[in-house]
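Chemist: Protein chains in written order, with the working numbering: chain A, 57 to 223; chain B, 4 to 258.
What the hints contain is simulated information worked out from the structure, not anything from laboratory work. Some hints could be false.
Computed cross-link-like contacts, BS3-like style, restricted to lysine-lysine with a CA-CA straight-line distance of at most 27 Å [as the list claims (entries may be wrong)]: (1) Lys55(B) <-> Lys189(A); (2) Lys133(B) <-> Lys209(A); (3) Lys219(A) <-> Lys207(B); (4) Lys219(A) <-> Lys35(B); (5) Lys122(B) <-> Lys55(B); (6) Lys219(A) <-> Lys55(B); (7) Lys209(A) <-> Lys122(B); (8) Lys169(B) <-> Lys6(B).
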Amino acid sequence: MNTKLIIELLDDSLGHSVQTWEIDSAHSVQIGRSPDSDVSIRNPYVSRCHACIVPKETGWVLNGISSQGVIHEDQIIQSIDLYNDIVIRLSRRGPLLRISIGSEQGESKTDDLIAMSTIAHEDFAVPLLFLDKDERDQEVAEIEKADYFSSLKGIAQQLRAEKNNKR
Amino acid sequence: MAKIISIHSFRGGTGKSNTTANLSVLLASKGKRVGVVDTDIQSPGIHVIFGKSSGDFQHSLNDYLWAKCPVEQTAYDVTQSAIGTADPDDQQIKLFLIPSSLNTGEIARILREGYDVAKLNDGFQQLINKLNLDYLLIDTHPGVNEETLLSIAISDHFLLVLRPDKQDFQGTSVTIELARRLEVENISVMLNKVPESMDLELLKEQVESGYEAEVVGMLPLCSEMAELASSGLFVNRYPQHRLSQTLARIADRLV
């Protein structure tokens, strides 16, 4: 029976985990901006009470609560059965979460109903520096199309050649 | 062979001009002949950091661009005020400032008529030759326009200054890509105004993997710099400060 959940807040541009919650629970898990949430995320796009994860007979189900929505594979979902390493986004412009389901091990850290630990960063001080590479490439392509850009390329190449000759 | 170093930001307010001015002092102090050109013709200001006002200059870069004078006449020797310890007869330590005009009519004219970017390029080369420079630092206009792209294209080293800020991060990525397509050999990044509470290692990792470029320095957001309010050279006022030491390491990398 799966009772251990690992919820990771992911860095938007790199996809690595910046904050982790480990939850041993047979009860539901609240996700939201409210400090009282089991998984409390200080992000303006997250609603105070955004979603909850509820245990089923086998496994877990995530239910969206906020009108901002929970996004899975570009679709707003009301409810979804969790599978290992599922990635969801809280609202269209909000943060990404990855949820792993671990089978309960004998060395389970605690017998408490809910035990959470925040690894990595207690204070979520590093901003999510999001890099939209498609947007960047589009802008670059626009500029590159202009006539002056290719003439600049020519000037730069010529100057470099002159410099190398002098060396 | 002189090195051209362009210092650029995607947006204003990153501390680009302050960085340029302080790096120029650090480079000249190594016994080099350095020129600093203010190509931020639309919003000039680096001269203020050198303690100068528009009345101190008879000519500006604008006069050269309008063919009113040769470019070397727009260069002002600021060695004595910027590097107090330099011997005035020592020809090996020299710092020249090439200011842009503060005259609003001049600025309006540039905006209205534009100018010949090729002439700007010739000007850079003439400055290097006539003043026998080891380094030419170009303080660019924020954003991406023709003269900025020219400065990038002819650079040996392109230094980007940004704050740990979403908009800075996205915009700077465009400039870095353009510099790559212009085959600039050395591209590096300096993070400025970093709040003390931030995890520096994580921040560095995010920027370096996003840009595939090296972060050569991370400067803290500090009250001393804010209090100076661009009315002086930080590295002279606070030589022992952590910020000055980081700038010195960046200067070492540019040599």
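Chemist: Run every hint past the structure and note whether it holds.
Modeler: Going down the list of hints, with the structure as the test:
1. Under the criterion of a C-alpha separation no larger than 27 Å, the hint pairing Lys55(B) with Lys189(A) is inconsistent with the structure, at around 42 Å.
2. A distance of roughly 26 Å separates the Cα atoms of Lys133(B) and Lys209(A); the hinted pair therefore holds under the 27 Å criterion.
3. Between Lys219(A) and Lys207(B) the CA atoms are separated by roughly 34 Å; this puts the pair beyond 27 Å, and the hint is violated.
4. Taking the CA atoms of Lys219(A) and Lys35(B), the gap is about 20 Å. The hint holds against a cut of 27 Å.
5. Of the supplied pair hints, the one linking Lys122(B) and Lys55(B) holds, its CA atoms being roughly 26 Å apart against a limit of 27 Å.
6. Pair hint Lys219(A) plus Lys55(B) does not hold up; C-alpha atoms about 34 Å apart against a cutoff of 27 Å.
7. Annotation: proposed proximity of Lys209(A) to Lys122(B) holds, straight-line Cα distance about 16 Å (limit 27 Å).
8. Between Lys169(B) and Lys6(B) the alpha-carbon distance is near 32 Å, which puts this suggested pair outside the 27 Å criterion.
Checked against the numbered hints given earlier, this structure breaks hints 1, 3, 6, 8; the rest are met.
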